[in-house]
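*Asks:* Respectively, the protein sequence lines represent chains A and B. For the first sequence, position 83 (counting from the first letter as 1) is numbered 83 according to my numbering, and the numbering increases by one without interruption. For the second sequence, position 104 (counting from the first letter as 1) is numbered 104 according to my numbering, and the numbering increases by one without interruption.
All the pointers check out, no bait thrown in.
Far from chain A, some chain B residues (derived; all Cβ distances over 12 Å):
1. D7
2. E67
3. L82
4. P87
5. E184
6. A327
SDA-like cross-link-like pairs, simulated, lysine to any residue; straight-line CA separation at most 20 Å:
7. B/K311 with B/G276
8. B/K42 with B/R31
9. A/K191 with A/I228
10. A/K191 with A/E117
11. A/K91 with B/D160
12. B/K91 with A/D160
13. B/K232 with B/P116
14. B/K91 with A/A157
15. B/K191 with B/I228
16. B/K311 with B/C278
17. A/K191 with A/P116
18. A/K191 with A/L234
19. A/K91 with B/A157
20. B/K91 with A/N93
21. B/K91 with B/L46
22. A/K91 with B/R159
23. A/K91 with B/N93
24. A/K91 with B/S158
25. A/K191 with A/E115
26. A/K91 with A/E47
27. A/K42 with A/G30
28. B/K91 with A/S158
29. B/K42 with B/G95
30. B/K91 with A/R159
31. B/K91 with A/V94
If you're looking for bench data, these hints aren't it; they were derived computationally from the structure. Source: prediction; values computed, not measured. Virtual Cβ for every residue (Gly too), placed ideally from N, Cα, C.
The chain contents come next:
Protein chains: 2
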Amino acid sequence: MSEHFNDRFLRACRRESVDVTPIWLMRQAGRYLPEYRRLREKHPMLELCTSPELAAEVTLMPLQRFELDAAILFSDLTIPFLAMGVPFTLKENVGPVIARPLRTAEDIHALRVMEPEGDLPFVMESIRLLRRELNVPLIGFAGAPFTLAAYLVEGGASRDYSRVRALMYSQPQLWNTLLSLLAENVVRFLKAQIEAGAQAVQLFDSWVGAVSPVTYRRLLLPVMQRIIGELKPLGAPIIYFGTGTASLLEAMRETGADVIGVDWRVPLDEAWQRLGECAIQGNMDPAAMLASAEVVRAEAQDVLQRAGGRKGHIFNLGHGVLPDTPAENVQVLIDTVHTGIE
Amino acid sequence: MSEHFNDRFLRACRRESVDVTPIWLMRQAGRYLPEYRRLREKHPMLELCTSPELAAEVTLMPLQRFELDAAILFSDLTIPFLAMGVPFTLKENVGPVIARPLRTAEDIHALRVMEPEGDLPFVMESIRLLRRELNVPLIGFAGAPFTLAAYLVEGGASRDYSRVRALMYSQPQLWNTLLSLLAENVVRFLKAQIEAGAQAVQLFDSWVGAVSPVTYRRLLLPVMQRIIGELKPLGAPIIYFGTGTASLLEAMRETGADVIGVDWRVPLDEAWQRLGECAIQGNMDPAAMLASAEVVRAEAQDVLQRAGGRKGHIFNLGHGVLPDTPAENVQVLIDTVHTGIE
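In isolation and in its complexed conformation, chain A is listed as follows (with noise of 0.2 Å):
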């Protein structure tokens, strides 16, 4: 890490003028590091998230060997859950498991609204802890309540999430009292992160691509207006990525997001074209950091290009480092990223 706060992230997010492109990449932190295989063998991925010292550990892990230019705190999409009295498990290879999903009105009546610093101490603490040791912005984030809600529902992740899209158009008075019971959980998480300390928020949607954008805009767009209308005030930088979304962009730009983070499936240029005037992340395939130092080269350069040295872009991948990817490949690609267009 340099000695001097490295602002290049957050300037990106403002579309600022950068030295260079920023790079940051979902799941940073995550089992592509020794480091961090050997530490889960130790500790189970709750336990990692609800440890103030852990999460903070496991956050830093990525800096210790990456010049990356921001971190996410550890933690996972469900923990607000432990907070909205939803029993769940984290499963190995499959993701959260729902005791017993969302059927009834009464099931999703009887959710909780959170009080962050009551009921998940441990977030802000991490948050706390880390600002003290990073010279990097640190980002907080929290799932996005369809995203959320598909969990609740389908009892945790699926191929095409059809039970929760039954549910909407079954039940859309139903699914505005959940997504809005959902939205206020999120607004005081993410206000409490921001409080804490996190310099940005990034909204997890990562499964959204499963609606129409018909229906995106009847039954998604007013709650994250609402949710990104509430934070906004805070200053931190939003940032709203889903997966799938070749259909969405333009509906999610009107959520008010300051960054919309978009995944390999749409060419970096394209996505720019169609957004517009806003700051966008991503989008390199995560499945291409499993080829060679070329390929990764190739690739990476093939985005800084669409990119075509606009302000406003941080590089990302579409999604979440994939397990198998070869560290070293992590190290090609920041390299090329600060290195720029060649």
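With chain A held as given, fit chain B onto it using these hints.
*Replies:* Frame of chain A, contents of chain B only:
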């Protein structure tokens, strides 16, 4: 079933005028039908696919209930693997499980090229049986090479097909070898189905939405063009279907397919504007079929209105009928489509 041959579906494939919009449904013979579930209690899936009489019986089930405008041979995307020397099982609620996923060049070179009439005689026999019974067109089908390769390389269904994407980046030559071999099998299989009596064929590229348009054009389009070029002279309309294809539509059009199948993620009017002069199949969200009859009617009307009476619209869902779909809603859907824009 009416007494005269109903060629609405074939006319729409050729963008000729039709009296009403034709409709058929992916998985129209499936778990949502009580008579199908009863038959499945007695016979495992593979037995239904490999017995000509049983496959024909299942194919006909939905036509005995509903005025559908086409039948699709009851079979499975994995059936060609029987002829290629790939052991697999079909696991309930999971899908295909490949006993030894392809990992090496040797694995790929060991795949056989099929002789359809010798290796899979039951498929062509089912088609011949069905042609004697049907007074609507019979659709044959095969998985497209990417989707077959995805199963073979991942070992089954996957959330994001990152392993197959990684293979495409890391070993493009080996990938091309695999795709060529699959393409040869697909061409032989579909030719045999057409020669046995299938009046149209659908290429299911169900999981192709996992790749970027750049990758698609580089590593999939040439092989799709070859397949469709070889099938075209036989005269049966060719439908090319995928899900999550919002960024791939233009490239899919370049394959030369007569009909492009679109899922619910792209509004049909927008899809048509992008695809230009071709027939389109789709695209109501199958999850809407789990709601009330009122919702089914409204969503079907929305699709019809977006199609706007253009020639070449074949109504379908954006993916297969979901198992929990009430059969009454299928009746409501068909009536709505045949009644037309209100």
